[in-house]
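Participant: One letter stands for each residue in the lines below.
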Amino acid sequence: GESVGLHLPTLSVQEGDNSIINCAYSNSASDYFIWYKQESGKGPQFIIDIRSNMDKRQGQRVTVLLNKTVKHLSLQIAATQPGDSAVYFCAENDAVQKLVFGQGTRLTINP
Amino acid sequence: DGGITQSPKYLFRKEGQNVTLSCEQNLNHDAMYWYRQDPGQGLRLIYYSQIVNDFQKGDIAEGYSVSREKKESFPLTVTSAQKNPTAFYLCASSHPGGPKNGELFFGEGSRLTVL
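Residue numbers (the numbering used here), protein chains in the order written: chain W, 318 to 428; chain G, 1348 to 1462.
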C-alpha cells in the first residue's frame, strides 16, 4: 500500500542556517502534498502545500520541492530560528479527503 | 474565532472503562477526522466522516467508535476493546473542494492515559 516516510528522524542545525527536511512517498498517484509543523503537546499546523503539477512552491522562509521522478518531497527552512524547533511531518493525499502522514522529523535549533 | 476544540486535554482511564473524547468545530467544515499519535510516530487515521450521519473506518478503527449527528461535532469513544489506548488523539476537519482541498485543520489534542 502507499506509504510516506522520512529519511532522517532527527535533524540539528545552527541558528541562522538553512534546514532541509526530506520525505519519500511511494504512491505515484498522489496529487497533493502538505508539510505540517507540530510543537510539543500541540496539534499539527499547516506550513505549506504543493500540488503534483508543480515542482516548487515558496512561502515565507519556507520552500517545498517536489520531485515526482523519484517520489521525493523536501521542505527548506531559511535562516532557522529557535521557534522552528518542532517535529515536521509530510503528508500525501491520494484520495479525496484522506491524508497519509510520514513518521516525522524532529528539528532542533542549536544556539 | 473559528477553530477546533478538543476536550478534555488530559484524561486518565482505568482498564476496562470506555471513554469519550469530544471534538467540536465552528469552521462549517463538512469533513472531520480522528487520528492517533504514539510517541515518536506519525499520525494514524482512526475514523473519518465526510458528511453528517456518515462515517468510515480508517486504518486503525478496531476498539474505537464514533458518531456524527451534527456537522460541528464528531465524538470519539475509546472502548475497553482497544488493547493499547494510551496515546495522543487528534481531531481535524476540512472542507471538501475548498481552495486547499486536502488541508486539515487540527485541534490541540487529547492525551489519554490508561492506568
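The hints are simulated quantities; they were obtained by calculation from the structure and are not laboratory data.
One or more hints might be untrue.
[Stated by the list, open to error] The list that follows gives simulated cross-link-like pairs (lysine-lysine, DSS-like), each with its CA atoms no further than 27 Å apart:
id: 1; chain 1: G; residue 1: 1404; chain 2: W; residue 2: 415
id: 2; chain 1: G; residue 1: 1417; chain 2: G; residue 2: 1356
id: 3; chain 1: W; residue 1: 415; chain 2: G; residue 2: 1418
id: 4; chain 1: G; residue 1: 1418; chain 2: G; residue 2: 1361
id: 5; chain 1: G; residue 1: 1361; chain 2: G; residue 2: 1404
id: 6; chain 1: W; residue 1: 388; chain 2: W; residue 2: 373
id: 7; chain 1: G; residue 1: 1417; chain 2: G; residue 2: 1404
id: 8; chain 1: G; residue 1: 1404; chain 2: G; residue 2: 1430
id: 9; chain 1: W; residue 1: 415; chain 2: W; residue 2: 359
id: 10; chain 1: G; residue 1: 1356; chain 2: G; residue 2: 1430
id: 11; chain 1: W; residue 1: 385; chain 2: W; residue 2: 415
id: 12; chain 1: W; residue 1: 373; chain 2: W; residue 2: 385
id: 13; chain 1: W; residue 1: 385; chain 2: G; residue 2: 1417
id: 14; chain 1: W; residue 1: 415; chain 2: W; residue 2: 373
id: 15; chain 1: G; residue 1: 1418; chain 2: G; residue 2: 1356
id: 16; chain 1: W; residue 1: 359; chain 2: G; residue 2: 1430
id: 17; chain 1: W; residue 1: 359; chain 2: G; residue 2: 1361
id: 18; chain 1: G; residue 1: 1361; chain 2: W; residue 2: 388
id: 19; chain 1: G; residue 1: 1418; chain 2: G; residue 2: 1404
id: 20; chain 1: G; residue 1: 1361; chain 2: W; residue 2: 415
id: 21; chain 1: W; residue 1: 359; chain 2: G; residue 2: 1418
id: 22; chain 1: W; residue 1: 415; chain 2: W; residue 2: 388
id: 23; chain 1: G; residue 1: 1356; chain 2: W; residue 2: 359
id: 24; chain 1: G; residue 1: 1430; chain 2: W; residue 2: 388
id: 25; chain 1: W; residue 1: 373; chain 2: G; residue 2: 1404
id: 26; chain 1: G; residue 1: 1404; chain 2: G; residue 2: 1356
[Unchecked claim] Partial selection, computed: residues in chain W whose CB lies under 8 Å from chain G:
id: 27; residue: 337
id: 28; residue: 351
id: 29; residue: 363
id: 30; residue: 406
id: 31; residue: 419
id: 32; residue: 421
Ideal placement from N, C-alpha and C gives every residue a C-beta, glycine not left out.
Participant: Flag every earlier hint the structure violates by its number, smallest first.
Facilitator: Hint check: 4, 13, 18, 20, 24, 25 and 27 fail, others pass.
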